[in-house]
Amino acid sequence: PQAAFAHLALAFRCDMFTLQQRVQVEKRARDAAEENIQEELGQCRAALEGLGRSCSSAGCKETLEQLQHSLAVLSAAVERATSAAEKLGAVHQEARMSRAAEVMVQHMENLKRHHLREHAELEEMKRLIQQNSRNRQLAESQDDVEPRLRPHPLKRTFQQVTGPSSGALETLPPHALPAS
Numbered sequence: 001p002q003a004a005f006a007h008l009a010l011a012f013r014c015d016m017f018t019l020q021q022r023v024q025v026e027k028r029a030r031d032a033a034e035e036n037i038q039e040e041l042g043q044c045r046a047a048l049e050g051l052g053r054s055c056s057s058a059g060c061k062e063t064l065e066q067l068q069h070s071l072a073v074l075s076a077a078v079e080r081a082t083s084a085a086e087k088l089g090a091v092h093q094e095a096r097m098s099r100a101a102e103v104m105v106q107h108m109e110n111l112k113r114h115h116l117r118e119h120a121e122l123e124e125m126k127r128l129i130q131q132n133s134r135n136r137q138l139a140e141s142q143d144d145v146e147p148r149l150r151p152h153p154l155k156r157t158f159q160q161v162t163g164p165s166s167g168a169l170e171t172l173p174p175h176a177l178p179a180s
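The numbers in the sequence shown follow the UniProt record's numbering, run straight up by one, and end at 180.
Treat the hints as calculated values from the structure; they're not laboratory data.
None of these values were measured; they are calculated from a predicted model.
Treat the hints with care, since some could be wrong.
Unchecked claim - Simulated restraints, written as ranges between beta carbons of each label pair:
1) M16 - E86: 15 to 25 Å
2) Q68 - A90: 32 to 42 Å
3) N132 - Q106: 36 to 46 Å
4) E102 - Q68: 46 to 56 Å
5) A33 - F12: 22 to 32 Å
6) A90 - A3: 26 to 36 Å
7) K87 - A3: 32 to 42 Å
From the three backbone atoms N, C-alpha and C, an ideal C-beta is built for every residue, glycine too.
Kindly produce the complete structure, drawing on both the sequences and the hints.
See below:
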């Protein structure tokens, strides 16, 4: 989807660069085609009028009227065909734009999912950092309190080197005392 989006974005930029020029070219081509059709229809009408002046029989005049009616129907059909062609072109363009919009929407949904995932990870990291910070603060506050409760490390070392105090020896049972 991301590659399709990038391709589509580039196509849009290129299309926008030449859009006005292409619209003008297509409009001139359509106008020229309509003028050519109207000119041909005008020549047919003129030919029928010329025939009408030279035609004297009732059957000929009736056929001439049928041709003029058919020419009017043809002219109206050309107008409807032109209108239908424009509508068809608009529907084709809408289909192309719909597909392009679908690619864009899909890309945006992918970006949203990616953003939500990144946001959730960020929130989880914040939570872990805060928890770690609270644990560290708790540990530091316990370290501040515990030294008062525990003997000083030098005192412990001194007791280990010198052995227990004499009062401690007196509380030991006689069989636990070292033989001297």
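For each hint, the structure was consulted:
1. M16 - E86: 15 to 25 Å: holds (22 Å)
2. Q68 - A90: 32 to 42 Å: With Cβ atoms ~34 Å apart, the hint holds.
3. N132 - Q106: 36 to 46 Å: Cβ of N132 to Cβ of Q106: about 39 Å, so the range 36 to 46 Å holds.
4. E102 - Q68: 46 to 56 Å: With a Cβ separation near 51 Å, E102 and Q68 satisfy 46 to 56 Å, so the hint holds.
5. A33 - F12: 22 to 32 Å: The hint (22 to 32 Å, Cβ to Cβ) holds, given that A33 and F12 are roughly 29 Å apart.
6. A90 - A3: 26 to 36 Å: holds (29 Å)
7. K87 - A3: 32 to 42 Å: holds (33 Å)
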